[in-house]
Amino acid sequence: MPRATAQGRKPNLRHRLAPWLFVLPFFTLYLLFLAWPAIQVCYLSLTNSDIAGQGHFIGFSNFQTLYQDSDFWASVVHTGYFVLLTVVPNTLVGFILALLVVRLKRLRMFVLAAFFLPFVLPVSVVYDAAIWVLDPNFGIVNLLSGSNISWFQDPVLAMPAVAGVTIWWTVGLNMLLFIAGLQNIPQEYYEAAALDGAGSFHRFLNITCPLIWPVGSLVLVLQLILQFKIFDQVYLLTVGGPFNSTVVVLLYMYRQGFQQGRGGYAATIALILVAIIILVSLIQFRVLRIRRANQ
Amino acid sequence: MKQRQRFSILGLICTLLTLVMALAWVFPVYWITITSLKSEDQTIVVPPSFIPWPPNFDSFVYVLQTSPFIRWYLNTIFVSVTVTFFSILFALMCAYALSQLEFFGRRFVYASILVGFMLPFSALAIPLFMMLNRFKLVNTFPGLILPQIVVPLSVIIFKQFFDDVPRDFRDAARIDGANNWRILFRIYLPLNWNITWALSIVTFIGTWNNFFWPLVITNSTPMLTIPVGMTQIQLAYGVQFAEICATAVLASLPTSLAYILFQKQVTQGVMAAAGIK
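Note that the protein sequences, when read in sequence, are chains W and C. First residue of the first sequence? That's 58 in the numbering used here, and the numbers climb one at a time after it. First residue of the second sequence? That's 4 in the numbering used here, and the numbers climb one at a time after it.
None of these hints come from the bench; they were simulated from the model. Incorrect hints may have been included.
If you anchor each label on the Cβ, the simulated ranges turn out as follows [what the hints assert, rightly or not]:
| hint | chain 1 | residue 1 | chain 2 | residue 2 | range |
| --- | --- | --- | --- | --- | --- |
| 1 | W | 206 | C | 139 | 44 to 50 angstroms |
| 2 | W | 163 | C | 33 | 20 to 26 angstroms |
| 3 | W | 111 | C | 190 | 48 to 54 angstroms |
| 4 | W | 131 | C | 11 | 51 to 57 angstroms |
| 5 | C | 33 | W | 124 | 47 to 53 angstroms |
| 6 | W | 70 | C | 192 | 25 to 31 angstroms |
| 7 | C | 106 | W | 296 | 47 to 53 angstroms |
| 8 | C | 225 | W | 194 | 33 to 39 angstroms |
| 9 | W | 127 | C | 239 | 31 to 37 angstroms |
Every residue, glycine too, gets a C-beta built ideally from N, C-alpha and C.
When you get a sec, could you build the whole thing from the sequences and use the hints?
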């Protein structure tokens, strides 16, 4: 009898621990490099640490400073402006491109690749393409249009120019998602509507639009999360200028932390951004759940 | 009949418009490529030539000879391949346990991974840098690689695919005496080979292109990766468009090739990442 229990127990313990061998490699790295920094951001925001992490507890005074920091609020406004210039336009352009691509047959692979290719380029190459094509003196755009606009140094045009480059770079993803959505709409709906005498515009308005909306809302939320995190493009294209008009939240955090050495203050800025992103991500979960429920 | 004909003319106009737009969309890529094949004087000739012949490879030679471009290239290949391999391997293992095994703490692990998926990596750069600085991992490969291995989204996607595998497969293998490692790598992995391949290629492209993390964690010239390093070249060269374009062509070669060769997998991978199977 005792032998039986001993035998029964040993595999049982192994049985219980074995799953952790599968989980641990990922989960350890997760705790170290994602969960712990997230906790640290909260703690650091209550300290006056430098970028090496040396400092002491100062309560909520970072938040007070932040509240009165007009440069921070300006960066929030700039980020909001960028989000406004990209989220809806990028979704709409993606939808239009999907509508154009989905009706093609033989040319489809080529056209699809043409619209998607920029998405796989590193941001530095996107930067090169932008400064060369839009160079004030020798850029092909200004040569052909006979203008001499300095796209990324113009206080009014800089942010729209960055937004335009961003759409060129990333719209391919939205297009792919919309194409998948359009292909999921049963062809019979269109045929039935055509039999009933509905014109192509009516079919678009009453079949395509409502049935693509779940994908549309998903793309909008994905875009919202993505564009709030704008950093690379302004870091390279405008370096925050002209006159700080393109300093976004992450760039402000980067400068406060890594250039001014104010680790605690930068963590406070990061915390605000984390809060915004998590809020939008929760909306994303809801959207995904609705999508799944509808399928 | 008349209606049909009108429709097809409209369709033709639409197709032509689409083609023009597609050409306009790839134009900057084309323009970069041909500029890299011009001599420096040719780049600013007005009117510009659209098909430079014969091609001139001087700017490529110049870039490769006068900058640590090859070193950065090797760095980036090493980082991207290592990150892709371990990121996919660890995600597969973790997803298998979460999907197929019962154990204490399973729900907690999965919930924390879902939370982790929402955390924006770039906003955590400050404490991450401090920690790695304390471990003396700034300007090292482990510092570049380790944080990039953690991709909660890959775990979530693999788990969804594993959940869809009929349980009979596992039970049958279990009865035949196979352990979990065998079941994962001989049954679940081959059954989900498409999505694994797709996520691997997408991870590779994403790591190769990553700009923010290498910017934060490296500052010594020999440790830079291509996306950060090439911006240093531009600072050093000033306005030398042929050379700038040559670096751009070299930098985007691996990811563009990966996309052109594995178009289907890239499509599947990015769609899965967006929440569409």
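Comparing the hints with the structure gives:
Taking the beta carbon of each, residue 206 of chain W and residue 139 of chain C are about 48 angstroms apart, inside 44 to 50 angstroms as hinted. Residue 163 of chain W and residue 33 of chain C have their C-beta atoms about 22 angstroms apart, which keeps the hinted 20 to 26 angstroms range intact. At roughly 52 angstroms, the beta carbons of residue 111 of chain W and residue 190 of chain C sit within the given window of 48 to 54 angstroms. Distance hint check for residue 131 of chain W and residue 11 of chain C: the Cβ-Cβ separation is about 54 angstroms, which falls inside the suggested range of 51 to 57 angstroms.
A C-beta distance of roughly 49 angstroms is found between residue 33 of chain C and residue 124 of chain W, which places it inside the suggested range of 47 to 53 angstroms. The supplied range of 25 to 31 angstroms is met by residue 70 of chain W and residue 192 of chain C, whose beta-carbon atoms lie about 27 angstroms from each other. About 50 angstroms separates the C-beta atoms of residue 106 of chain C and residue 296 of chain W, a value consistent with the hinted range of 47 to 53 angstroms. At about 35 angstroms, the CB distance of residue 225 of chain C to residue 194 of chain W agrees with the hint of 33 to 39 angstroms.
Hint check: residue 127 of chain W to residue 239 of chain C, Cβ distance near 36 angstroms, so the stated range 31 to 37 angstroms holds.
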